[in-house]
Amino acid sequence: MSEFQKTISQAVRISQSTGPVGQSVVREDAVVKATGRAVYAADITRPDMLYGKVLLSTEAHALIKNIDTSAAKNIPGVHAVLTARDIPGENVYGIAVADQQVLAEKKVRFFGEPVALVAAETPEIAEAALKEIKVAYEPLEGVFNPIDALKEGAPKVHEAGNLLLHTRVRKGDYRIGFEQADVIVENLFRTHGQDHSPLEPESGVAWFDGDGILNIYSSSQYIFRDRKQVGRVLNIPINRIHSVNTTVGGGFGRKDDVTVEILVSLLAWATQKPVKLVYTRHESMLTQTHRHPTIVRIRSGATASGKLTALEAVVYGDTGAYASLGIYVIKKMALHIGGPYYYPHYKADSFSVYTNNPIAGAFRGFGILQAATVHEVQMDELARRLGMDPIEFRLQNCLREGLTFSTGQVMDQACGIAATLEELREYVKRHGLQFKKHPEHQEVER
Amino acid sequence: MDDTNYITMELTVNGRRVSKHCRSGRRLIDFLRDDLNLMGVKEGCGEGECGSCTVLLDGKAVLSCLTPMEKAIGHEVITIEGIGSANRLHPLQEAIIEEGGIQCGFCTPGMIMSGVELLARNPHPDRAEIIAAISGNLCRCTGYQKIVRSIEQAAQKMSSS
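So the sequence lines, in the order shown, correspond to chains Z and V. Mapping to this note's numbering: the first sequence position 163 is 166, numbers consecutive. Mapping to this note's numbering: the second sequence position 82 is 1524, numbers consecutive.
Check the hints yourself; a few may be wrong.
[Claimed, not checked] Which bits of chain V does chain Z cover? Going by a derived footprint, with three or more residues having C-beta under 8 Å, they are:
#1 1523-1531
#2 1547-1553
[Unchecked claim] When the alpha-carbon atoms are kept at most 20 Å apart in a straight line, the in silico EDC-like pairs for lysine to aspartate or glutamate are as follows:
#3 Lys276/Z - Glu1489/V
#4 Lys1588/V - Asp32/Z
#5 Lys110/Z - Asp32/Z
Everything labelled a hint here was simulated from the structure, so no lab data went into it. Even for Gly, the Cβ is constructed at its ideal location relative to N, Cα and C.
Work out the full structure: start from the sequences and follow the hints.
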């Protein structure tokens, strides 16, 4: 046995005797990954397998007047060209709110929305067939900013209007809190969108068994929910869908909602052959979910002795053309825009808003990153205005057991922010570090 | 669609002579994955940004998504499958496993190929040289520190063995 193999078997023994907590354990799948033997969805091939491609919208907001697939269907080697009309079940999905069309039917709502599908004998033939599909669009005025989207008369992304969800969080009376404040910091923040860019683009392979069971092997974060969503669109019960999670080459929230599962299953159903669908990086960035861009107006107040008194915030989250998980991400921002600090008076409103931008959904942090950008800048600026040390100011105001969060929830366990700050203070001392002085903030439009 | 052209690919892959009659005009990654079933070669972007598809061509790290397959004719290609297997791991494979330099694993084959190339031409690289060698390989999980440490550890293993 080599030294290395001893290390590995020792690590396994340790984890079996005492459990892995507190132990440094080698990943179970590390060896297959290091040797290139781990099987990701795109690595799966089946006999007689076809290759799928998706035609993505080239308009951000437009009516579909006509889709002509005849030329594409006539290309030798093309086995199926599908549009919304060919869908056997409901043309709808969505992990939280079923508001998204699988293939655009009457109109497209963002640049990159799937419009048609192709299955062909080679990826090159599938690509050539995409170019032969003629879509006649009638462009509509679009809306690309959540504040504009809420204005009266704004172009409607969905018939029911552009507001997906308004979340109100109220605690105490913010007017009283601001009356007690000696210092008030008011800012406008804009945080940008972001692509998860998991190194593995969304991929899947699907086929029907002889006994009619649909097999889906895909790179997914949640196969059980995928199965439900596929069943609805293909009109087959979930007990006839066998969903298998392959090795996932990174997700970070991107693969929480359905990615290619429904599309590749539709092609397998239409051709009755195995079909592989792997997005290119370009397609992935256009058609998949992203981090929400947000706009936040916020006021925070504190007394001269450094006690937070009140917070008032309005959050606009751009969830793009469809909800995905945007309803919850932006809801959470209203709860967390004050951060892990105690405010006796708290008033926050968040608006999750449809626009004709790419879809925003789950992404590591789930709205908390955007909130942290805001509340930590607010805390630094308050500390600076009060002439206080930024860590001391935070320690004086952080949540502790017995205090209430923005929602009124009493912190009764696992409230580790004070211990974290104390450790940070020690770390800074131990390493002789200093906090960078922030330059004076420039005045921004209010 | 019968304007497809065919070619005979004759080259050495992972130490073996290969002669394969196949469709021409594709990328080296397509030939390696689709014709030779070497699925350890990963495609992350297809445009030379991410490094997941890195292989060695005559010992030099190249991006197989940007290399026309015909360029490999008469040459020697090494992929992750030719570096080591579960029973006979390369010191860098051991090190990256031990250091925890693998999470989702999708960048790992390309990362190892860049590291192997570095260690072959420079057995005692310093930190800056390691960072430069893997600067064309993106990783979204690890934050790179553990990968850099793996290469340092591999250099030690290789010089002491």
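Hints and how they fare:
1. 1523-1531: holds (count 6)
2. 1547-1553: holds (count 5)
3. Lys276/Z - Glu1489/V: violated, 30 Å
4. Lys1588/V - Asp32/Z: holds, 17 Å
5. Lys110/Z - Asp32/Z: violated, 44 Å
Hints 3, 5 from the earlier list are contradicted by this structure; the remaining hints agree with it.
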